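Using the sequences plus the hints, can you model the full thing?
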Amino acid sequence: MTSALELSGISKSFDGFRAIAAADLDVRSGEVHALLGENGAGKSSLMNIVAGLYAPDEGTIRVQGRPVRIGGPLDARRLGIGMVHQHYKLVKSFSALENILLANPEGGFARGRATIDTALARLADSIGFTVDLTKPVGALSIAEQQRVEILKMLVGGARLLILDEPTAVLTDMEAERLLAMLRHLASEGAAVILVTHKLGDVMRHADRLTVMRNGKTIATATPGTLNAGELTKLVVGTTTTECAAPAQNVGAPVLSLTSVSSGGNGRRETLSDVTLRICSGEIYGLAGVGGNGQTELAEILMGVATAAAGRIMLEETVNITHAAPKTRRAKGLAVIPADRHSYGLASELSIADNYAIGDVYSGKYGGVLRMKSSVAQSAAGVAVAAHDVQGVRSLAHKAALLSGGNAQKLVIAREFAGAPRVILAHSPSRGLDVRAAAAVHARLRSARDGGAGILLISEDLDEILLLADRIGVMNRGRLVAEFAAPADRQAVGEAMVSHG
Amino acid sequence: MADFILNWLVVSPAFAVPFALAALGLIVAEKSGVLFLGAEGFMLVGAMTGAGALIVMGGHPLLALLAAMLAAALVSLIFAFLVVVLRVDQIIAGLSMVFLCQGLTSLISTQQGWTNRPISGLDPIALWPLSELPVLGRLLFHQDAVFYATIVIFIAFHWVSTRSLLGLRLKAVGENPDAADAAGVNVGLYRFGAVLCGAALIGLAGAYLSVGVAKIWVDGMAGGRGWIAIALVIFARWQPWRALAGAVLFGCIEALIPRIAAAGIQVPQYFMLMTPYVATLAVMIWAALLRSPRTGQPASLGTPFVREERR
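Note that the protein sequences, when read in sequence, are chains L and E.
Okay, so the first sequence: first residue is 1 according to my numbering, each after it adds one.
Okay, so the second sequence: first residue is 1 according to my numbering, each after it adds one.
It is possible that some hints are incorrect.
[Stated by the list, open to error] Residues from chain L that face chain E, not an exhaustive set, calculated with beta carbons under 10 Å:
1. N99
2. L102
3. A110
[Claimed, not checked] Derived contacts from chain L toward chain E, CB cut-off under 10 Å, selection only:
4. A51
5. G52
6. G72
7. L74
8. D75
9. R77
10. H85
11. H87
12. S93
13. E98
14. L101
15. G108
16. K152
Bear in mind the hints are in silico, worked out from the structure with no lab data behind them.
Bear in mind the structure is a predicted one, so any value in this text is a computation, not a measurement.
Here a beta-carbon is modelled for each residue, glycine too, at the ideal position from N, C-alpha and C.
Here it is as structure tokens:
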């Protein structure tokens, strides 16, 4: 049987950093082949080479047995290779039809549109979905945008389909449908490469899998021959399995929201009538599909946006509804923002400055006119060591040079320095690999056990189920359900997507 | 009074054309995602080259206009190279182009003795029998070649931008160069081309000032029209027809200024000269207050494109 795609000895360096080192991959027609690995293992880079976005430094690529050179996205398309990138390559202001036409310009503007229309009608029957072709893509949901990407590939006649983390942004139900559809395409003879770090998807839907670690392909296997533990060990290098550890000492409420709504001033209400209470010593997990009001809630709690209605109390006595971020910090609120590079850290400032800024009003780093950088340096040094922030060659280095996991550890080191009473953690492990995520989770648990109340907002249901002692579900700006741990995954998932 | 209005309206197109062409040039360039602040400079290049070419070659105004477009496109190669190839900050590159062109045009025209020399210029062409229509005939069908060309260019651009792959790709490059790149569009090439075409149109706008209207070259004669054109584009939300409407509005205001003075109405001269800029400011404030999420601005305007190598 000939391989649809055969990579051998592929290497690629970026600015001296070897992202891919002599990687091999063999994908057959008719199979769903999972490419598994942690963040930064080189999966996306390897696939970008196949899609023609990067040129490999070394190695050979064969498509259907013939050696080929892929000089650009057009070459890849001519070879029948299509890729759905993790961050969709869609022009948001264009309609789906225009986006598809952009990628498949054969036949010119007018005839091209007609050709695409007929191609889509034919495809709709075989893959069982349609999309609104006329609305701007930006107005479609994430799942719909993904469908546009898939249609874009299929209209172009792709026989080798690469999907980079396709299920990361989907609900469980949407993900199941997608994977079933990919199975169907494979059964019709296409080769599907599924780039993912979700072991569950792989075990249930892949025919074969290849594991990447540190830029190398280290094993190819069939899912049936391995159990989840062995697979994890291959991916991570060591076995780390996190187990749920429920709260022991739940105390009095430390944060309570009463009927909080956003909007006003003619803006759309994205958060309506949210009432919830978080006690000391517990982790409250707020689940939901992205864009259902979680970001607005986080911003209102951080103090960068104001609530249009409702009341926010700290420790039942301190009203912080209209308090400035500075006041909230002083009263014991700590925040781990979702976007650590825009809210969490000032990328261009040094690590020491980034650490010191959290407590700059206390006066211990000097007054308005004079900054005691040596104090800041030594405080940062202690914190960096205590929180195991790796990759710090000097405290004077720019924070931007830290990897995702270590940047997050720095944020946590700073936020936890003042022994906060309430911690808002928004997607704290997004983009982190298994080990870094585990470290972050351990910090959250120890803060909880130290008596803090933690609000964990996450789109990753696994993270919520693992950490939370109570679970709330956000759906279209409302808190629609609450569960006590251990919660039923199915029930939480349904609350996330129901349209009741 | 009717005569006053008619005489005013008849000359207004001549004032509106430079704004319209410059604004369209900016739209062409900026649809590709390149922030183009050099309009004032490229108008000067066009104006000087047009006048110079007419003096040197004598008597061929259309050739002079063509030369002006070529010259502006040629100078814009520097800008395109800076922002597309070297990925220099587009604001700084655009501003330095203005100063470069101001200096360059003064230098060359003084050395060649082109400054303040009257030239023959463009004559109106009557499109018979339409030119015999009452009022409209004089207004729309008794104008010079550039006026007619402007209308044709606008229609052509509208067609290209809404009904061709060229337009689709141009917009894609300006909205999301990553997506365009993945779709196999050569982002750099499109941006380069858009800057050159845009500069050529702005050059034509400038040449029309010297060859078509003033029939003379004077240092710095663009007189801030390049900046007004930038404001017009923001006001028009990067839509050509709205830009045309704005250009007509500004043209009418500009045409009114000398007429009010000539009619003996006492308005301080400098106040009148200030009005286009007051209008520009008002337009910018209005656009900012609107705060509509759809400003029409190309999403990646001003952002250099780098294929997402690891950073």
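Does R77/L pass the interface hint, meaning its C-beta sits closer than 10 Å to a C-beta of chain E?
6 Å, holds
L74/L as chain E interface residue, shortest Cβ-Cβ below 10 Å:
Holds, because the Cβ-Cβ distance from L74/L to chain E comes to roughly 4 Å (cut-off 10 Å).
E98/L was flagged as interface toward chain E. Is the shortest Cβ-Cβ separation under 10 Å?
Status holds, d = 6 Å.
Measuring from the C-beta of S93/L to each C-beta in chain E, is the shortest one below 10 Å?
6 Å, holds
Are D75/L and chain E close enough, Cβ to Cβ, to be under 10 Å, as the hint says?
The hint holds - D75/L has a Cβ within 10 Å of chain E, the shortest such distance being about 9 Å.
Once the shortest beta carbon distance from A110/L to chain E is found, is it less than 10 Å?
7 Å, holds
With 10 Å as the cut and Cβ atoms as the points, is H85/L at the interface with chain E?
Holds, because the Cβ-Cβ distance from H85/L to chain E comes to roughly 7 Å (cut-off 10 Å).
Quick check on the hint: N99/L CB to chain E CB, less than 10 Å?
8 Å, holds
Do the numbers back the hint for K152/L, that is, is its least Cβ distance to chain E under 10 Å?
8 Å, holds
Can you verify the interface hint for L101/L: is its Cβ closer than 10 Å to any Cβ in chain E?
Since the shortest Cβ distance to chain E is 7 Å, the answer is holds.
Interface hint for L102/L, Cβ within 10 Å of any Cβ on chain E
Result: holds, 5 Å to nearest chain E Cβ.
Given hint G108/L near chain E, where the shortest CB pair must fall under 10 Å
With Cβ-Cβ at 6 Å, under 10 Å, it holds.
Comparing the model with each numbered hint stated earlier shows that all of them hold.
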